[in-house]
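Visitor: Here's the letter readout for the chains.
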Amino acid sequence: MRDLEQTLREHPFLEGLDAEHIKLLVGCASNVVFKEGDFVFREGLEANVFYFIRHGRVLIETHVPQKGPIMIRSREAGEILGWSWLVRPYRWHFDARAAELTRAIALDGKCLREKCEEDHDLGYEVMKRFAVIIAELLEATRLQLLDVYGNSTNK
Amino acid sequence: METQQTSKHSDAAKQPDPMLVRPLQIHRIIKELGDTFSLILQPQDDDADFPFQPGQFNMLYVYGVGEVPISISGDPARRETLVHTTREVGTVTRAMRKLKVGDSLGVRGPYGKGWPVDKAENQDIVLLTGGIGLAPLRPMIHYLLTRREKYGRIVLLYGARTPEDILYRKDLEKWRSRFDLEMHLTVDHATGAWRGNVGVVTSLVSRSPFDPQNCIAMVCGPEIMMRFAVMELQKRGVADDRIYISMERNMKCGIGLCGHCQLGPTFVCKDGPVYCYVDIKDIFTKREM
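Protein chains in written order, with my numbering: chain A, 1 to 155; chain B, 156 to 444.
Treat the hints loosely; a few may be bogus.
Not the full set, but computed from the structure, chain B residues with beta-carbon under 10 Å of chain A [unchecked claim]:
#1 G219
#2 V342
#3 V355
#4 P377
#5 M380
Quick caveat, the hints were computed from the structure, so don't treat them as lab data.
The beta-carbon is built from N, C-alpha and C at its ideal position, and this holds for glycine as well.
Using the sequences and the hints, build the whole thing.
Guide: Below, the structure is given as structure tokens:
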């Protein structure tokens, strides 16, 4: 538990969060390991968790009939994986699979949602941090959609 | 007086005419990707010496078709050959693609300002590039690795459309195996056996190990990618005068006379193609430019 608390306290995502709130988060946290090829979550299933990736890489995929899985994003050590737990209807929209041995801290999203409802200060802090992640992902997705290398030329 | 005139004349004689096209022979052709190829050029006589600064470009002339500006993409230490990597995108490059080993190509240059090799000394170096933008940066990578002790950390961040579109695979593998260069590669999307990074190249900036206060960032790729790259570098704390970008415009004369490549008050062929971001930031994001 001490290891979890220390890891969460030192994580840039939680920088500035007060000690009481960190303790609340620790109460919803557990260490998890995924072997290469393991699914971290599956499209359509209930989304009640998010992850602080400590080591390894997770690929976010979608399956296209006759084409197989298409990888659209990867999340690495130090990054947060998953935000569907925060938004109704709390379902994963994509598959996520470990590209290599991956260690992470899993945060129980359902437990955290309840704590955020009870303590709106905590709720606001969590929302502020996830808003940054969602905005970054939205910006990256827009850039991805532009297909910038499609028509590039040399000098 | 007479001596001075003679001296002036002899200096002028040493300077090659910037508009003079030199015929070079295609020594080798490398198919890099489906539509991208490298030409290795050598002179038809024995006079083989092509000094250039990393980041400069040449005008390549396909006889009877036209001339295009192409960055030099070889090792600046290997002055006996000229290497140009280009993509088949227009009439001239399509004709260039059809040339064979032994065919002749007109070359004039090198032109423009290159990467800031001196300012980069004792600094961490961030090389941020995407797609065929790796070509104008490859001479810089060779240059840095030849003088490795003069620079801090070297971080290469490279993005491609898919794993199949990754340029210079052999070079990338060689660089990845070095302990003194940190390389992060990403693709916009992937299928199959790919297990590497997926996402836009700009997303690599936040997790790369360099000191934003003591670094020089060199960015090359599609302009839209460079705009987002600059924003990410700024977010990381890199000052505008530490960011260099390589611009692309329709260059014709190569010496700042014709005005085709005008960018605000500058000419890309003469004042660029490599610019310090601080010098063009007011016009960089203006769509009218």
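Visitor: Hint by hint, note whether the structure agrees.
Guide: Hints, verified against the model:
1. G219: violated (21 Å)
2. V342: Where the cut-off is 10 Å and the nearest Cβ of chain A is about 8 Å from V342 of chain B, the hint holds.
3. V355: Hint on V355 of chain B: holds, closest Cβ of chain A at ~5 Å, below 10 Å.
4. P377: Interface hint status for P377 of chain B: holds (4 Å vs cutoff 10 Å).
5. M380: Hint holds; M380 of chain B Cβ to chain A Cβ min 5 Å, cut 10 Å.
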